[in-house]
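**Student:** Here's the letter readout for the chains.
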Amino acid sequence: MTLDRLLSRRLLFVLGPGGAGKTSLAAALGLLAAERGRRALVLTLDPARRLAEALRLVAGERVFSPEELRAAAVAAAAPLEAAVFDPRRSWIDLLAREVPDLETRRRLLTHPFFVRLSEDLAGSREYAALAEILALFRAGRHDLVILDTPPAEHGLDFLDAAERVLAALDADALSWLAPLGLARRALRLTGWASGYIARTLARFTGAAFLEELGGFLELGSVLLPRVRERAAELRALLQSEECGSVLVTRAGEGPVRDALSLWAAVTRRARRPEAVVANLLTPRADRLGDAALDPAARAGAERVLSFLAAIAEGEQAALARLREGLPAGATLVRVPAIPGEIVDLAGLARLCRALQRAFAEA
Amino acid sequence: MALSNDASSVPPLERRLQLLLGKGGVGRSTLSAALGLYLSGRGRRVLLCEMRSQRALPPLFGREASSPGPVALAPGIDWMGLSPGLALSTYAGLRLRFRAVARAVFESPRVRHFLAAVPALAEILMLGHLCHLAEQGPAEVVILDAPSTGPALLMLESPRTILQTAPAGPLRDGARWIHEWLSDPRRTALHRVTLAEELPVSESLELDERLRRAELPDGLWLLNRLLPEDLDAPAEAALARLAFAPDDPARQALAYFRERLSRQRRELARLRPAEGRSRTFGEQPADRIRALAPRFAGGAPP
Numbered sequence: 001m002t003l004d005r006l007l008s009r010r011l012l013f014v015l016g017p018g019g020a021g022k023t024s025l026a027a028a029l030g031l032l033a034a035e036r037g038r039r040a041l042v043l044t045l046d047p048a049r050r051l052a053e054a055l056r057l058v059a060g061e062r063v064f065s066p067e068e069l070r071a072a073a074v075a076a077a078a079p080l081e082a083a084v085f086d087p088r089r090s091w092i093d094l095l096a097r098e099v100p101d102l103e104t105r106r107r108l109l110t111h112p113f114f115v116r117l118s119e120d121l122a123g124s125r126e127y128a129a130l131a132e133i134l135a136l137f138r139a140g141r142h143d144l145v146i147l148d149t150p151p152a153e154h155g156l157d158f159l160d161a162a163e164r165v166l167a168a169l170d171a172d173a174l175s176w177l178a179p180l181g182l183a184r185r186a187l188r189l190t191g192w193a194s195g196y197i198a199r200t201l202a203r204f205t206g207a208a209f210l211e212e213l214g215g216f217l218e219l220g221s222v223l224l225p226r227v228r229e230r231a232a233e234l235r236a237l238l239q240s241e242e243c244g245s246v247l248v249t250r251a252g253e254g255p256v257r258d259a260l261s262l263w264a265a266v267t268r269r270a271r272r273p274e275a276v277v278a279n280l281l282t283p284r285a286d287r288l289g290d291a292a293l294d295p296a297a298r299a300g301a302e303r304v305l306s307f308l309a310a311i312a313e314g315e316q317a318a319l320a321r322l323r324e325g326l327p328a329g330a331t332l333v334r335v336p337a338i339p340g341e342i343v344d345l346a347g348l349a350r351l352c353r354a355l356q357r358a359f360a361e362a
Numbered sequence: 001m002a003l004s005n006d007a008s009s010v011p012p013l014e015r016r017l018q019l020l021l022g023k024g025g026v027g028r029s030t031l032s033a034a035l036g037l038y039l040s041g042r043g044r045r046v047l048l049c050e051m052r053s054q055r056a057l058p059p060l061f062g063r064e065a066s067s068p069g070p071v072a073l074a075p076g077i078d079w080m081g082l083s084p085g086l087a088l089s090t091y092a093g094l095r096l097r098f099r100a101v102a103r104a105v106f107e108s109p110r111v112r113h114f115l116a117a118v119p120a121l122a123e124i125l126m127l128g129h130l131c132h133l134a135e136q137g138p139a140e141v142v143i144l145d146a147p148s149t150g151p152a153l154l155m156l157e158s159p160r161t162i163l164q165t166a167p168a169g170p171l172r173d174g175a176r177w178i179h180e181w182l183s184d185p186r187r188t189a190l191h192r193v194t195l196a197e198e199l200p201v202s203e204s205l206e207l208d209e210r211l212r213r214a215e216l217p218d219g220l221w222l223l224n225r226l227l228p229e230d231l232d233a234p235a236e237a238a239l240a241r242l243a244f245a246p247d248d249p250a251r252q253a254l255a256y257f258r259e260r261l262s263r264q265r266r267e268l269a270r271l272r273p274a275e276g277r278s279r280t281f282g283e284q285p286a287d288r289i290r291a292l293a294p295r296f297a298g299g300a301p302p
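Listed in order, the protein sequences are those of chains A and B.
Just so we're aligned, residue 1 is where the first sequence starts under the numbering used here, counting upward by one.
Just so we're aligned, residue 1 is where the second sequence starts under the numbering used here, counting upward by one.
None of the hints are false.
To be clear about the criterion: a stretch of chain A counts as covered by chain B if any three or more of its residues have a C-beta under 8 Å from a C-beta of chain B, and this derived list gives those stretches:
#	stretch
1	246-257
2	276-287
3	300-309
4	329-340
In short, the hints are calculated from the structure, not lab data.
None of the values given here were measured: they were computed from a predicted structure.
Every residue gets a Cβ at the ideal spot worked out from N, C-alpha and C, and that includes glycine.
With the hints as extra help, turn the sequences into a complete structure.
**Tutor:** Okay, structure coming up:
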């Protein structure tokens, strides 16, 4: 897998365990796309403060012109856009697109279940983000959207989003609520068991809870046909050549286990990841060379270098397990920790060069 | 950052229920396992719990878990994988006196979709199961390798959410009982795990603030993967006195080490935990939980 091929997709997911550097990697991929003349949007969920400042997400100003990028040593031929994903905003936009009736929209937005669904239910924020991406594709302003996902298993919520929202809104699946006398028009009675289920649950949660849910389902049912349509569209997109994913991980035992299980989980839901990036590898130097003449300083340096070498050894062992766990032909890219913190475009540009070298060697 | 130091409270490592909280990637699982080893080494019977579908704790003991447990990981250390489904079929059944047939209702796929949408229900069930395990024994201490910060906060705030919204009934009674367990500094410790890096420290400070506003108990600050401070002087001397070419890998490695160490100092200065309320753990070539466990006794940084 070459960088050119990777960046020729229209949608790229960056997935991986926590602390692996997903956001920086997503931003660097955006810059590399800009160098290839592709207009990229980097969409992130929860950026580090300094990185957010680097990408100007804090100020809300978010498009970098090619001239600005070139000033930071990125040979850009296209602008780069960066944005923080706001689930609440996305749902409001989504409802504005898909629910024409103003009163229904208002009632949905203020319903406590909707607030819960739109913010907390696994998959719903992601669904809103993906629906937004589909709308962006239609608008045709970007060639590539790079999605920086939440850590570990939560990243998979993007791949399951449409199905989960469909399941949560599907009134048929909740038809056992009907005997409580709720939302009769939206719910159909499907059998004798329903009454028992509803009564048992009501004993546990209280009937008021169930009533609220029924009311919500009735409101939410206006969304269902569109959600079904979107779900089919998203499923097709995830399976297509237009969409790809990159796994990024640290070279530790736990992160490598997480990365391998993510690989398997992605492969069950979409095309297999394009590459696994082993990030933040500890630099090592086994010999001091002959530059060192001062014996005391030399001994001290050796202590530091052997500490780093032991850490690097551990990383190599973890990487060997990663390689073993991946199918033959999977691309494993090794990226060393680059010196200095990534707090500006110049830092991201350094990461771009490291990525370029690492992909060339992979 | 003074944590509340209520004279009536029990030292954090002696409480019955101990949760390790922090950002993804800071080493919650490794330190949960090491804490389990430390406490079992002091003669206490330990139950280690986690809530993810991909089991992280058993492999640290060289074990695989195919069932949710309890599985013995080491002498005196058992393990369980908690889930809303398991909580329903055990905790809800026991504590709320549900008959088997009622439990079957909760396990039906249709009801599970419903559970996903009810505010705080899945979270409260798992918390209830956890408190139930801590109260009932046979373990003398229950350690939870908690989910990452966001989901963990949702979970810890779920009893209050239920108390604010649910009408009287078993669910509400359960939430009150869980709330009493969790907010009791004699029984529960909430440890804050972090690395000395910008994002984990910022997130742990926000977590600390949220926990204190919710009047939830303190715990220890567990500062993980620290570089040895005593290697800074040799690294500095070597960089100053040895004549390296700029692209010499040795020079680059030494500079990398010093730069990470200076970041570490800056981030630790933001935390400033109260005297005796932190434990430090050194950067390790691999997850050596046996080497990390003794660090819970305290002492100077590694």
